[in-house]
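Protein chains in written order, with the working numbering: chain A, 585 to 788; chain B, 585 to 788; chain C, 585 to 788; chain D, 585 to 788.
None of these hints come from the bench; they were simulated from the model. Don't take every hint at face value.
Cut-off 25 angstroms, straight-line C-alpha distance, at most; resulting in silico cross-link-like pairs (PhoX-like, lysine-lysine) [unchecked claim]: (1) K785/D - K774/C; (2) K784/D - K784/C; (3) K774/D - K694/D; (4) K621/C - K648/C; (5) K694/C - K774/C; (6) K774/A - K694/B; (7) K774/D - K784/C; (8) K785/A - K694/B; (9) K694/A - K785/B; (10) K785/D - K785/C; (11) K784/B - K621/B; (12) K641/A - K621/A; (13) K607/B - K784/A; (14) K785/A - K774/A; (15) K774/B - K784/A; (16) K774/C - K694/D; (17) K694/A - K694/B; (18) K694/B - K784/A; (19) K785/C - K774/D; (20) K774/A - K784/B; (21) K785/A - K607/B; (22) K784/B - K648/B; (23) K694/D - K694/C; (24) K784/D - K694/C.
4 protein chains.
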Amino acid sequence: SMSELNVAVIYYSSTGSNYQLAKWAKEGAEAAGANAKLLKVQELAPMGAIESNPAWKEHYEATKDVQEASMDDLEWADAVIFSMPTRFGNLPSQMKQFLDTTGGLWANGKLVNKVVSGMSSASNAHGGQEATILALYNTMHHWGAIIASPGYSDPVQFAAGGNPYGVSVTVGQDGVMQENVEDAVKHQAKRTVDVATWVKKGQE
Amino acid sequence: SMSELNVAVIYYSSTGSNYQLAKWAKEGAEAAGANAKLLKVQELAPMGAIESNPAWKEHYEATKDVQEASMDDLEWADAVIFSMPTRFGNLPSQMKQFLDTTGGLWANGKLVNKVVSGMSSASNAHGGQEATILALYNTMHHWGAIIASPGYSDPVQFAAGGNPYGVSVTVGQDGVMQENVEDAVKHQAKRTVDVATWVKKGQE
Amino acid sequence: SMSELNVAVIYYSSTGSNYQLAKWAKEGAEAAGANAKLLKVQELAPMGAIESNPAWKEHYEATKDVQEASMDDLEWADAVIFSMPTRFGNLPSQMKQFLDTTGGLWANGKLVNKVVSGMSSASNAHGGQEATILALYNTMHHWGAIIASPGYSDPVQFAAGGNPYGVSVTVGQDGVMQENVEDAVKHQAKRTVDVATWVKKGQE
Amino acid sequence: SMSELNVAVIYYSSTGSNYQLAKWAKEGAEAAGANAKLLKVQELAPMGAIESNPAWKEHYEATKDVQEASMDDLEWADAVIFSMPTRFGNLPSQMKQFLDTTGGLWANGKLVNKVVSGMSSASNAHGGQEATILALYNTMHHWGAIIASPGYSDPVQFAAGGNPYGVSVTVGQDGVMQENVEDAVKHQAKRTVDVATWVKKGQE
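When you get a sec, could you build the whole thing from the sequences and use the hints?
Here is the structure:
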């Protein structure tokens, strides 16, 4: 049944924006009837770098108890929603490192038919929001995943910047999101759940 | 029922390679139980250009009676498989022109949830086979389509060059395909049909 | 000498935004000491489509006398600046059609070392501004062009949305640009001229 | 003078293919009159993973003394040539991690006008060779680098697979390169040096 659909929301966040996007996605997935887990990827930066930035250190400490995503979580998940900031127009190395460790699942065909979508943030309005999500999808093709980006499937997206690849947000130096994207994130999560539910039900 | 799944195989071909890929895709879709239509996009090149290349002219004449893809075909289709050669690492203008005319359907939400995949060719081994299919998918995100690229969902793909974005082939100056991709094309068509069937059945 | 550097500003515009960006680029290139030509690409849409949109028709009529870009213009140019709206996250077919006709120059190595950059627009804030310029650059690699995108080479870009791939602008349904990008366009034009000047001078 | 042009060849390699490409690039850069350094990026994988693969372990041990790329190396370099295998159609996390640490140089404008190009490998013929180099270039735009991909600037490239984004090679499970790309790598290195020389000389 639909309540048995499993969603992993996997994020990387240094100062909290993508943690917030991921929490909204989890809420949206649950509101759509799915089981959802909020999972971070491992930090790679040295403590010195983290500690040199008070906002980063604060977020690092505040989310110490968030579970790290594992290969078991990926096997469990019917759908995966990713959220991460851009780093120079591509995934942060932390997220890429997580993806790079999925070779074992990949070799056993365990990633085929996962239903996926992605979200991003940047500090400039056009600072890689599109390019970062599209880079994620390149890897998803290798997985054999089914990509269910939001497109323009709901009017709520126009108010949130209209990024068809996935919800994105601009976050200034003050750490404040410059658009209100909560509803768009929840719509994207619902859409990912819906498509994953069809894919799962359809295979039964 | 599955036999009612509708697949549009939409291609552009100047000298016949992508026509051949498209025919195999149609056969693969039909073998998977779908209704399939083989549809070309409108030629944009002037007759002078076509006539200056005997292979192009011959193919142009030989496929005069192939139906041109219309907006009605897109509405009819549950799934769309695209095939086109690269033109400098991107879609040929003929295919892009067709996609550019879908604004009316787009504005009415008629393209959301189409299940899609793409195939390509180039005259060099790494002459844009990947980039061209990925460019197609960028547009598919705008449609709100569900992208079901082959990934590595079947061993048949490894023998055909292992392009996870979609089957691709290298075609030398002699017009001969340098890899045997027939089985991989048929697998990709079957996979597109399967996912589209799940998506359709799941929504019932 | 620097005054002999030749810049082709090649654009496609349906309702005028990219015509405006292109005019600013021409001014910027001239202010940087280059000879610059403003050149449109051929319209492909049928007159019926153009006439159904008053803003499109008005712009079409108003720019009837703008010269169309030719292969001779490309040979003449040391640098090329492109400007075009997104069409579903990729180049408009009109621009792609122009690029597709450069095969003859390409085969004779006449496009190698052209210094290039691109600009774009979309009606949503994240409606393909990044993806469209990046699609242009894929084709530029095939040319053997030298890509001199603006990056973050000047603070003026942060005020204009901070798109490192090229200046982009969001244009609402009312046809009004939502950001003030004039200075950033002129900076990009100057940067393209500067790099092209170095490349030209360096080869002497 | 030209002999003072500095080139950093920065690579990641697990079992040696990209180390070989990088060594050829260094030779090609030196043959073109530049000073060149061969520099690896830091390994991120745990020793357990490395030791589980004899070829990886052997290469890891054999290249222990290769210098790791530093921020000083980037400042020193007029040109940078990157080489790395694909990891699911994108950069390996090891290379991305290195790029992610360049924020300090970036913020001080120290990466603007670096002349760059990239190379790649994959185990399938179309396993991400194009996508990986294009992903690198997305980040290079953020740097404000000048991208001098090979395009089809020399006939030697056609024999090496004709990847216009950068030389790429297919490496089977046996670790053997399936194409002879040495000459194409050296051409790419020479081209990167030539463009960087023009850019440097032009600015004098």
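For K785/C and K774/D, compute the direct alpha-carbon distance and say whether it is at most 25 angstroms. 18 angstroms, holds
25 angstroms limit on alpha-carbon distance, applied to hinted pair K774/C and K694/D: At roughly 19 angstroms apart (the allowed maximum being 25 angstroms), K694/D and K774/C satisfy the hint.
Do the alpha carbons of K774/D and K694/D lie within 25 angstroms of each other, as the hint requires? 23 angstroms, holds
Checking one constraint from the list: CA of K774/D to CA of K784/C, max 25 angstroms. Satisfied? 17 angstroms, holds
Is the Cα-Cα distance between K785/A and K607/B 25 angstroms or less? 31 angstroms, violated
Decide if the proposed pair is consistent with the structure: K607/B and K784/A, CA atoms, cutoff 25 angstroms inclusive. 30 angstroms, violated
Holds or violated: K774/B and K784/A, Cα atoms, limit 25 angstroms. 17 angstroms, holds
Does K694/C sit within 25 angstroms of K784/D, going by the straight-line distance between their CA atoms? It holds: about 23 angstroms lies between the C-alpha atoms, which stays within 25 angstroms.
Keeping to a limit of 25 angstroms between CA atoms, is the pair of K784/B and K648/B held or broken? At roughly 33 angstroms apart (the allowed maximum being 25 angstroms), K648/B and K784/B break the hint.
K694/C paired with K774/C [C-alpha distance capped at 25 angstroms]: 23 angstroms, holds
Between the alpha carbons of K784/B and K621/B, is the straight-line distance 25 angstroms or under? Holds, at about 18 angstroms.
Straight-line alpha-carbon gap K694/A to K785/B, limit 25 angstroms: Within the cut-off at roughly 23 angstroms; holds.
Hint check: violations occur at hints 13, 17, 21, 22, 23; the rest are consistent with the structure.
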